[in-house]
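K.L.:
Protein chains in written order, with the working numbering: chain A, 85 to 320; chain B, 142 to 389.
Treat the hints as calculated values from the structure; they're not laboratory data. Hints may be right or wrong, so weigh each one.
Quick list of in silico lysine to aspartate or glutamate cross-link-like pairs, DMTMM-like style, CA-CA up to 20 Å [to be verified]:
id: 1; chain 1: A; residue 1: Lys228; chain 2: B; residue 2: Asp158
id: 2; chain 1: A; residue 1: Lys239; chain 2: B; residue 2: Asp327
id: 3; chain 1: A; residue 1: Lys228; chain 2: A; residue 2: Asp238
id: 4; chain 1: A; residue 1: Lys134; chain 2: A; residue 2: Asp238
Taking CB as the label site, the calculated pair distances span [unchecked claim]:
id: 5; chain 1: A; residue 1: Ala311; chain 2: B; residue 2: Leu345; range: 27 to 33 Å
id: 6; chain 1: B; residue 1: Gln201; chain 2: A; residue 2: Leu280; range: 53 to 59 Å
id: 7; chain 1: A; residue 1: Leu95; chain 2: B; residue 2: Phe353; range: 45 to 51 Å
id: 8; chain 1: A; residue 1: Asp289; chain 2: B; residue 2: Phe353; range: 49 to 55 Å
id: 9; chain 1: A; residue 1: Phe307; chain 2: B; residue 2: Gly356; range: 47 to 53 Å
id: 10; chain 1: B; residue 1: Phe353; chain 2: A; residue 2: Gly195; range: 56 to 62 Å
id: 11; chain 1: B; residue 1: Gly302; chain 2: A; residue 2: Lys239; range: 47 to 53 Å
Where a beta carbon is used, it is the ideal one built from N, C-alpha and C, also for glycine.
The chain contents come next:
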Amino acid sequence: MDIANSRWLWLSTIPVVSVVLLQAAIFLRRAWRDGKEMGLSEDQLRTGFKTGLISAIGPAVAVLVGMLALIATVGGPVAWMRLSVIGSVAFELPAAELGVSQFGYGLGDEGITETAYATAVWSMTLGGTGWLLVSALGTPHMEKARQKLGNGKDKLIPIISSAAMLGAFAYFLTGEVAAGTPETGSVAVGGLVMLLLLRIADQRDVQWIREWALGVAMIVGLFVGVALQVTVGSWW
Amino acid sequence: MSGTDSSAAGGSGTGSDVYQDSFIPYINTWGRRTNLLAVLLSLGPAVVLLTVFDIVPPSQAIIGAFVSVAATFGIFWVVEPISYYPVLGIPGTYMAFLSGNISNLRLPCAAAAQESADVQTGTPQGSIISTIAIAASIGVNTTLLGVGAFALVSAFQALPGLWQNALESYLVPAVFGAIFAQFGRDYPKVAGVGFVLALAMTLLLEAGVLNFLPGYPLYVVIIVSVFGTILIARWMWEQGMIEAPEDD
Chain A
85 MDIANSRWLW LSTIPVVSVV LLQAAIFLRR AWRDGKEMGL SEDQLRTGFK TGLISAIGPA
145 VAVLVGMLAL IATVGGPVAW MRLSVIGSVA FELPAAELGV SQFGYGLGDE GITETAYATA
205 VWSMTLGGTG WLLVSALGTP HMEKARQKLG NGKDKLIPII SSAAMLGAFA YFLTGEVAAG
265 TPETGSVAVG GLVMLLLLRI ADQRDVQWIR EWALGVAMIV GLFVGVALQV TVGSWW
Chain B
142 MSGTDSSAAG GSGTGSDVYQ DSFIPYINTW GRRTNLLAVL LSLGPAVVLL TVFDIVPPSQ
202 AIIGAFVSVA ATFGIFWVVE PISYYPVLGI PGTYMAFLSG NISNLRLPCA AAAQESADVQ
262 TGTPQGSIIS TIAIAASIGV NTTLLGVGAF ALVSAFQALP GLWQNALESY LVPAVFGAIF
322 AQFGRDYPKV AGVGFVLALA MTLLLEAGVL NFLPGYPLYV VIIVSVFGTI LIARWMWEQG
382 MIEAPEDD
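The whole structure should be built from the sequences, with the hints applied where relevant.
P.N.:
And the structure:
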């Protein structure tokens, strides 16, 4: 599989990854400028940026570990591109699998042909465009749906948004709870640590605790998951 | 330095004018351009395999693979943007669906940043902060994965299997628990509703009760969890059972 890690493939991933970074830069600049005009303080903007940065490190390392599986099957450049643009391990691995399965292979099989490999690349690429197209063309129209849910009442919007967040994360975390005891422990402890840290931050008004709260919660949750796995295992 | 400026968090008149009349149109223009451009450029590796290496997979294999992918994930192309939109806002939707890793990375970063910058989710100010936080998270994850793909792979493979598995399995659940708790602090009743709804739907899914629906009915679990929670929260608000926390 020299092709999968060839210089040509690395080069071919650069344009699309650049678009992701470019968009982030454009949006960031504008949000900073307009944010100030809207009365957000320099402190608030900087805190938002810092918290985004800190909170991203842990999950990005986790994505990196998931990327190992993808690197082993589709090579470094494609794995990097797929996980920097559009995808997540939960989509890319099955998509690649569906690609090579057209030739009767499974991922990780020895001696996958070049054609099967290329089909996996096509399958991930075409499969991922759905989200891009819907978000590119549909986003401006979605505001109407949200205002409808809010019934045109301004006060209701933060409640609708928080409820959406709670619903989405309830869905994410019940999936983890169903996965086993260690996952459930991580969910519970991650939540408790967050509550505790935010409480301390509120009481003493210490800003850096808020910035690190998510990072700390995930590390503690990680260790509790491991501890449960090596002690009691999984009960379901 | 908690950066509490209550007039900012409250959404003053001029603030939302700048947001609606200047920021959002700009974001819509550039968001659409960049995401469509990414559709084209994401073909890069496939095209290089085609042109430089002359690997031409039979078209029926590509079509077969695409149809299988569309059958499995197609519903999520629509359900996910619509479900996450109330959370991500306009700029966040463009960015998150361009850069991926939404549940495990973009949403938690945006939420944590809103908490520490002391702005409310769903307000123009909240949207500005989540834009900034998501941009920061994109920088981190592109860099880290790029370095990782080049250099760190062997280091991670040297990790004992237990820790590889732990990083893959237990970090993300802790993030989910933490963000849920963060929002649950402000709205404990809504958190209870969301949890019960999602748990019930997940159990129904696992028990196979939803199998009468076409495809793998995970999408029903998302829709019911997100929109069910929204509708019940709205009803609770109308009944005076909950209210938005005061900006301090």
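K.L.:
For each hint, tell me whether it holds in the structure or not.
P.N.:
Taking the hints in turn, this is what the structure says about them:
no.	hint	in the structure
1	Lys228(A) with Asp158(B)	holds, 18 Å
2	Lys239(A) with Asp327(B)	holds, 15 Å
3	Lys228(A) with Asp238(A)	holds, 14 Å
4	Lys134(A) with Asp238(A)	violated, 29 Å
5	Ala311(A) with Leu345(B): 27 to 33 Å	holds, 31 Å
6	Gln201(B) with Leu280(A): 53 to 59 Å	holds, 57 Å
7	Leu95(A) with Phe353(B): 45 to 51 Å	holds, 49 Å
8	Asp289(A) with Phe353(B): 49 to 55 Å	holds, 54 Å
9	Phe307(A) with Gly356(B): 47 to 53 Å	violated, 38 Å
10	Phe353(B) with Gly195(A): 56 to 62 Å	violated, 42 Å
11	Gly302(B) with Lys239(A): 47 to 53 Å	holds, 52 Å
Comparing the model with each numbered hint stated earlier shows that hints 4, 9, 10 do not hold.
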